[in-house]
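S.K.: The chain contents come next:
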Amino acid sequence: MRAFVSFSVLALIVVGLALSLSHVPFGKDRMQVANYYLDHGVADTGATNLVTAVVLNYRALDTLGEVTVLFIASLGLGVFLSWPKKKEGTQEEGKRELPEASLIVRRGSQFLFPLIILFGGYIFLHGHLTPGGGFQGGSVIASAFLLMFLGNNAYRLRHTPLTVTESLAGITFVVVGLIGLGVGGYFLNNFLPKGSMFSLFSAGVIPILYSAIGLKVGAELSGIVANMFESRSER
Amino acid sequence: MIYIAILTVAMLIAGLAAYFFRDLIAAVVACAAVSLIASVLFYLLQAPDVAMAEAAIGAGLTTAIFVIAIRKTGRYEK
Amino acid sequence: MTALWLLFLSLGAAGVALCLARAAAGPTTPDRVVGVDGTVTISIALMVLLSSFFDRQIYMDVALVYAVLGFIGVLAVARYMERGV
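As you go down the protein sequences, you meet chains A, B and C in turn. Residue numbering for the first sequence is 1 to 235, as defined by this note's numbering. Residue numbering for the second sequence is 1 to 78, as defined by this note's numbering. Residue numbering for the third sequence is 1 to 85, as defined by this note's numbering.
This is chain A alone, in the form it adopts within the complex (with noise of 0.2 Å):
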């Protein structure tokens, strides 16, 4: 019986499927909104790089939809991790020593650590000139931290200035857009001169945009990454 109810309303999918797609003509280009970017994208925003005109200038409001939706994973992480435990008498066998990582390892980290951070940075300031961007950027200086963590035992990060910095930033994201509506009528306005093509200060408020997101996935997902390393040893 479920097995039959099951089939049917597969059957159902499929046909409704079938019926909805039969309509849509074979062999015809039906992306006229994507040819509009082709073709404008340049020329509207100034951004070389035609994602990131999408991302940061058609498509802006999804995008501070994403940086909320990440946010909220970075919260519900931190929140299920510090959760108080029950006490079930499994305490004293934990607490072992870590043997520390080798030299070469703790050096090689601590040398890498500052020029992975340069490289992300150069990633998402960037963003619309060459491929990559906020999101890219930040898991690359979220990467960074990870590879302290991994050299060195003893190395902690203070998380108010993570707290600070993703805060700052968010509201950097929604005040350039109410500057926008305030001077060009609508959310996000692009409202900055766009410069001359493939200069760093070109674009208009895409730069200032993909900064603010770089800040706010790195310190979110190094904040993930702080979380799961400290409540490693308490098993």
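Not one of these hints is a red herring.
If we take Cβ atoms under 7 Å as the criterion, some of the chain B residues that face chain A in the derived model are:
| # | residue |
| --- | --- |
| 1 | Pro48 |
| 2 | Asp49 |
| 3 | Met52 |
| 4 | Ala53 |
| 5 | Ala56 |
| 6 | Ile57 |
| 7 | Gly60 |
| 8 | Ala64 |
| 9 | Ile65 |
| 10 | Ile68 |
No wet-lab data here; the hints were simulated from the structure. Remember, predicted model here, so these are calculated numbers, not experimental data. For each residue, glycine too, the CB sits at the ideal point set by N, CA and C.
Keeping the supplied structure of chain A fixed, place chains B and C upon it in accordance with the hints.
M.R.: Chains B and C only, in chain A's frame:
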């Protein structure tokens, strides 16, 4: 074209291996292989932004977070 | 010139295939880790070659990301093996 087909099949095999391995560290390594092949595929299909996101997330962060989670629970699947 | 490109790319693809075969066959977990790490290294070289082949030098950033971050996953697994994580 043939390279893209071969890489897709390799990615499928790596994903199935991540499902079937009993040793969870080996499964995490298979996940890293899936992420690597996906990034190369995005690169071949001329989508460098997505390839860079996949590389930045899959190369270090997911592997390390899975390894810490395994360290807190247990290495072998029952 | 095309024959030279074909030779380069085929050599890289053969290296990727051999490393993935090692990662698939390896009896112990460290074998698999080393196989995947070799795949990462050869893929970086392939990405640089392909960015020159497509004539899009800006694509080299992807290879740079993998070159900078590719070792962190291997480092995490290695620290787990010596019970350091």
